[in-house]
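Colleague: Turn these sequences into a full structure, and let the hints steer you where they fit.
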Amino acid sequence: MLHKHCAHRRASLEFARIEQRGIRCCYHGWHFDVDGTILETPGEPEDSKIRHEICQPAYPARELKGLVFAYMGPPEATPAFPYLDSLELPGHDLVPYSIHSPCNWLQETENAIDPFHSVFLHGRVNGPQFPGLEHFVELPVCAYHRRDAGIVYSHARRTGDLVTLRFHDYLMPNLAQNGGMFQKMSQPRVFGRTSLTKWVVPIDDTNSRKFGWRHFNDADEVLRQGKRDAVGWESVGFYGQTTGRPYDEQQRNPGDWEAWTSQGPINVHKREHLGATDEGVALMRARLRRDIRAVAANKPIARPEGTPDAPFLTYAGDTILRIPPSNDDRALLDQLQRTVAEIYFSADALNGEARSERIRRDIAARFPTGVEVTS
Amino acid sequence: MLHKHCAHRRASLEFARIEQRGIRCCYHGWHFDVDGTILETPGEPEDSKIRHEICQPAYPARELKGLVFAYMGPPEATPAFPYLDSLELPGHDLVPYSIHSPCNWLQETENAIDPFHSVFLHGRVNGPQFPGLEHFVELPVCAYHRRDAGIVYSHARRTGDLVTLRFHDYLMPNLAQNGGMFQKMSQPRVFGRTSLTKWVVPIDDTNSRKFGWRHFNDADEVLRQGKRDAVGWESVGFYGQTTGRPYDEQQRNPGDWEAWTSQGPINVHKREHLGATDEGVALMRARLRRDIRAVAANKPIARPEGTPDAPFLTYAGDTILRIPPSNDDRALLDQLQRTVAEIYFSADALNGEARSERIRRDIAARFPTGVEVTS
Amino acid sequence: MLHKHCAHRRASLEFARIEQRGIRCCYHGWHFDVDGTILETPGEPEDSKIRHEICQPAYPARELKGLVFAYMGPPEATPAFPYLDSLELPGHDLVPYSIHSPCNWLQETENAIDPFHSVFLHGRVNGPQFPGLEHFVELPVCAYHRRDAGIVYSHARRTGDLVTLRFHDYLMPNLAQNGGMFQKMSQPRVFGRTSLTKWVVPIDDTNSRKFGWRHFNDADEVLRQGKRDAVGWESVGFYGQTTGRPYDEQQRNPGDWEAWTSQGPINVHKREHLGATDEGVALMRARLRRDIRAVAANKPIARPEGTPDAPFLTYAGDTILRIPPSNDDRALLDQLQRTVAEIYFSADALNGEARSERIRRDIAARFPTGVEVTS
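Chains as they are written, first to last, in the numbering used here: chain H, 131 to 505; chain V, 131 to 505; chain X, 131 to 505.
Worth flagging that the hints you see were computed from the coordinates, not collected in a lab.
All values derive from a computational prediction rather than experimental measurement.
Hints should not be assumed to be uniformly reliable.
A pair counts as met if it fits within one copy or between any two copies, since identical chains are not told apart.
Unchecked claim - Derived lysine-lysine pairs resembling DSBU-like cross-links, with alpha carbons at most 35 angstroms apart: (1) K134 - K400; (2) K179 - K429; (3) K314 - K400; (4) K314 - K195; (5) K400 - K179; (6) K179 - K357; (7) K314 - K134; (8) K195 - K134; (9) K429 - K314; (10) K429 - K357; (11) K195 - K357; (12) K179 - K314; (13) K357 - K400.
Modeller: What follows is the structure in C-alpha cells.
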C-alpha cells in the first residue's frame, strides 16, 4: 500500500497508472514499485540520484478473501497476521463487505460485546428482527471468559428442554465474531460456528468503517436468508445494519446501525450510567486502556496472530443441548456454559476437524442425552 | 421534554418507543416517564438501585395550539407561561408554522421592530409585496411606547382622509406581533388585531428557527389571501418568508428572508451605521443588553407572563380614522397615534371583549366623525 | 466594485436594485454611487448628515473583454493596468472563462511554469490528450529567461527536421500565457502567438478560481477544435480542465485539473522532493517569496503594467524552424531557443505589427532555410 500523494510533487496516486510492476504517477511519470522503491524518474537527467535518495512511503499489504489488510506500524514490530481458524471452516464461503458509520469506531465495536442489547433492540422493544433468533427476547445468563488476546463470552437461554449456549469472540482491539445468525436453533447441536467475522476500523474520530466477511454455509443456513449479491459495499444483507432507510422506518424499528450511530459522533462516557448488564463493555474498555498504556510504554500486547497451518483459534457459534430445567435454572445455565467453555478450551492443542471432533466427543461424553437430535 | 440521549448508554431517544406512559429506549429497553423518572431498567438485576439513583434529564413542556413550549432554566425560577390575549381573539383560528433561517436569531427578530424596512423592502424598491398594504410606500410617523415587558410601537400614515395607525408588539426577548396583514384598509376601524404571533428561537450562533401562528380570521381577511394548508413547516403562505426561491427571483424581488439572512451568518454591529430610522432596533438592543446584565446578576426581569383567565395584554393591530389633513400633518399623525395608544393602555384593567368595547367607545368618543364607515 | 454588505444594516447588495446611477439596497433603500458615495438615505430625516459622514466601501473596477478587474490595495499605490499586447492580436477573438479549483491557488498556477508535466500528463502516461500537440511526448530542452516582471520560458523539441520552440509567459504573481494550443505544428512558422491568457485567483487558502480568455483565431486554428459556446463559466472547452467527470474516467485519463487539485487542499512543500525538472516551479517560488518580502517592506515590485497604446509585451507562442539534427542535438536545440529568445527580446522597442515584422525579419535573416514552408 503506497502513500496517497506522490513523493515528487504530491499529485494523488489515485490518478496514477497501474503498470506491470508497480504504479506510475500521472503528473510527471515517476514510477514506483509496490514497496515504494522509485524505479524511474523519467524526466530527470540520466545521472540523477534522486530516486536512490528517497522513496514513496509504503506499507506491507495482503489481500485475503476479498479484503486488503495493511500494516502501518514500525517494520521491526510487525506482528503475525491474524489468520483465524474461522477463515477455513468446512463448507463456509466468506463474502466480504464493508459499511460506514458516521461515529467513533468504539461505539459500533462495543455493540459486539454487549449480549443484552439483543434482548431489547432485536427482540422486545419492537419485536424480533432476526428469524431463527426469536429466543433473543429471553434475558440470557452471561459469562465472560478472559483470554490472552481478548474475551470469549457466552450467553445461555432456555427454550423448553433446549438450552442454547451462544459463544461470541471479541479480539482486541476491534475484531468480533458472532454466533450463528441464519440458522434454525430447534435441535441439539455441538460447536456450531460463526456467521460473521468483522473489524471496525476508525477513519477519524467521528467516522468508522466495518470490514468483514459474512459466512455463507449451506449446511447451517436452513432459513435461506442469505443472498450473496446483497453482501458487499455498504450492505451485509440483513436487518438494520446500514444507513439510507426512511427516517420514519428507522424510528418505528431501529436496528444496530441506528443504535450505535445515535450515540452521537463521539459518545460521552462520563454521561453514561453503566449497569450490571454492561459488564462486557466495561471489561473491553478496561482491556483497551491497558493495551493502550502498554503500547505507549513500548511493552508487548497479546494479539490474535496465526497462520493457515496454525490459525488463531476462535469459539464463536452455538452449542444447543437438551437438558431439562432445574429448580435453580439460571444457575444450571451458567454451570452448563462454563462446562462447555472448558471443553472448548481444552481442545486448544488441536486444530481443524480434529479439534471439532474432540469437542464434539467430549461434550457428547459429558452430556450423553443432551446431544440427541430428534427426527 | 426529555434529553435526546438515553441516560444509560446514550442511544438517541428519537428511536425510542412511545409507551402508554413515557418512552422506552430501543437499545436496552430503559423506560422513562415524561418527567425523566426511570420506571424500569429491564435487563438489570431485580435489586438494582440504578433507577433510583439517576434520572433522564427532562424539562417541563406544554403544547398549545400546535406548538410545544419547553422551559429549560432552573426549576425554582420557572416563569409563568406567556399566555397572550391574542391567543383567544374572537373568530381567530391560529395555525402554527415554523421557518428556519441560516443566521443569528437577532437578525430576524430585529426586522420585527423596524417599521422603516416595510417602506423600502415591501414597497418602494421593487414595488408593493403585500396586497392591502400598498400604503407601506409612505414614510410613517413612528412612536415607540416603552412597556414593562417590551416595546409597543405605532406607525401612522395618511391616505387621503384616512389615517392608518398601525401597532406592533415587541416582547422581550424574541416575541413579536404584527398589525393586520391580510386586510383591506380602506375604511375606519378601531382596535383591529394582529395577524401573526411569532418567536425567533436561536438554534446556535448562526442558525435560528421562527415558531408562531398565523391568525386566520374570516371577518378581517377580506382579501382572501390565506390558505391554511400553505401554513406549516417552512411555510407561512405569504411573500418572501422562506428559502428555496430561484436565485434570480430572489435578486429581482428580495423579501424579508433575503434581507435578514443576507446580513451574514452573524451581523457585525460595529460595521453598521444606524440612523434615525433605526430607533426601534437600537431601543430593543439596549433593552436586551439590560436584561442580559440583569439575568447575569441574578436580578428579575419583566416577562410577558399570563394565564387564560388573566392573559398578557397586547396591542398589535390597526386603528383607521377618518381625519382630514392639517397644515403640519406629520405632527397631527404623531399626536393621533399617541392619543390612541393612551386610550389603548387606559383599558389595561379590562380584558377580552370588555376591553375591546371600552377602547372602541373611548376612541369613538374622542373622534366622533373619525370612526364613521361609509357604505 | 462595492463591498457586499450595505454600510447601513449590512444586508447584501446582491439583492440590491441596479439604478440608472449606482445601486439601491433592498432593505432600507440606501442609494450608492459606483464609487461608494451615498447618494440618498431616503428614510432618514432630510437634514441627516449620515450620508456625508460615511460611505460604502468601494474599489475601482474595470471591465475588459468580458472580465471584470478590481484593485483592492491602497489608492495611493494603484498600479497601472496589466494591459498586455496579447489582448489585441490581429484576428484573435478573446472569449472569457472561469473555472474553480478546490485547492490553494499556487498549485494550479505552478502547473503553468512546469514544462515537464506536459510530457507525462499530456503525452506519455495515458497517451496524447491534445490533438496537434502529440510532440509533447518528447522530453524538451528548456530555458528560463528571467525578465523584470516574471519569467519567459521556452522548451524546444525536434520532430524530424522541424524544431518547435515553444514560449510561455509567467508574469508575477499569477498570470500565465501558453503557447499555441489548437494548431497544426507541421510547418515552419515564426513568432506564433498564445492561445490562452489566464490568472489564477485565490478565493481562500483552499479554493481558487481561474479567470482568463481563450484566444479564438481562425488563421491558426486549423484543427477546428474550438467552439465559442463551450467556453465560459466552469468551462474552457478542452480536455481535463474542470470538475464533474465520472471518477473512473478521471482515473483512466486524468487531466490538469485532477493533477493540481489532487495535490490536496494545500500542498505541503516540505514533503515534496523537487528535481532538476522542477526548475521553473522553484524559480517562480523564489520570485514570489522575494516579492512578498518586498511588499511587506514597502518596497516596489515589478508588475506587468501597460496601456492599449503601450501594452506590456509578451512572448508566448511557437516558432517552428526547419533545422537538421546535429551530433549534439540537445545542445543545438538549447542554442536555437536562446538565439530566438534574444531576437524576440531585441524587438522590445517596437509594438504590434511592427514588432512582429521585425522579429520575423530577424529570424528569417538568421535562419534563411529554417523558415521555408513546403507546399
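Colleague: Take the hints in turn and mark each one as holding or not.
Modeller: Results of checking the hints against the structure:
1. Proximity of K134 to K400 under the C-alpha cut-off of 35 angstroms is restricted to the inter-copy arrangement: shortest distance 16 angstroms between copies versus 37 angstroms within a copy.
2. For the homomeric pair K179 and K429, neither the shortest alpha-carbon distance inside one copy (39 angstroms) nor that between copies (40 angstroms) is at most 35 angstroms.
3. In the homo-oligomer, the alpha carbons of K314 and K400 never lie at most 35 angstroms apart, since the shortest distance is 41 angstroms inside one protomer and 60 angstroms across protomers.
4. Within a single copy, K314 and K195 get their C-alpha atoms as close as 27 angstroms, which meets the 35 angstroms cut-off; across copies the closest is 52 angstroms, which misses it.
5. Taking CA atoms no more than 35 angstroms apart as the test, K400 paired with K179 passes between copies only; the shortest distance there is 19 angstroms, against 56 angstroms inside one copy.
6. Within a single copy, K179 and K357 get their C-alpha atoms no closer than 54 angstroms, and across copies no closer than 46 angstroms, so neither meets the 35 angstroms cut-off.
7. Taking the shortest alpha-carbon separations for K314 and K134, neither the intra-copy value of 46 angstroms nor the inter-copy value of 38 angstroms comes in at or below 35 angstroms.
8. When the C-alpha separation of K195 and K134 is checked against a cutoff of 35 angstroms, the pair qualifies only within one copy, where the shortest distance is 24 angstroms, while the shortest distance between copies is 41 angstroms.
9. In this assembly of identical chains, the alpha carbons of K429 and K314 never lie at most 35 angstroms apart, being 45 angstroms within a copy and 68 angstroms across copies at closest.
10. Taking identical chains as interchangeable, the C-alpha atoms of K429 and K357 are never at most 35 angstroms apart, the minima being 44 angstroms within one chain and 67 angstroms between chains.
11. For the identical chains of this complex, K195 and K357 are intra-copy neighbours only, at 17 angstroms inside a copy versus 50 angstroms across copies, given an alpha-carbon limit of 35 angstroms.
12. For the identical chains of this complex, K179 and K314 are neighbours neither inside a copy (66 angstroms) nor across copies (38 angstroms), given an alpha-carbon limit of 35 angstroms.
13. Neither within a single protomer nor between protomers do K357 and K400 lie at most 35 angstroms apart by alpha-carbon distance, with minima of 42 angstroms and 50 angstroms respectively.
In summary, the structure is inconsistent with hints 2, 3, 6, 7, 9, 10, 12 and 13 from the numbered list given earlier, while agreeing with the others.
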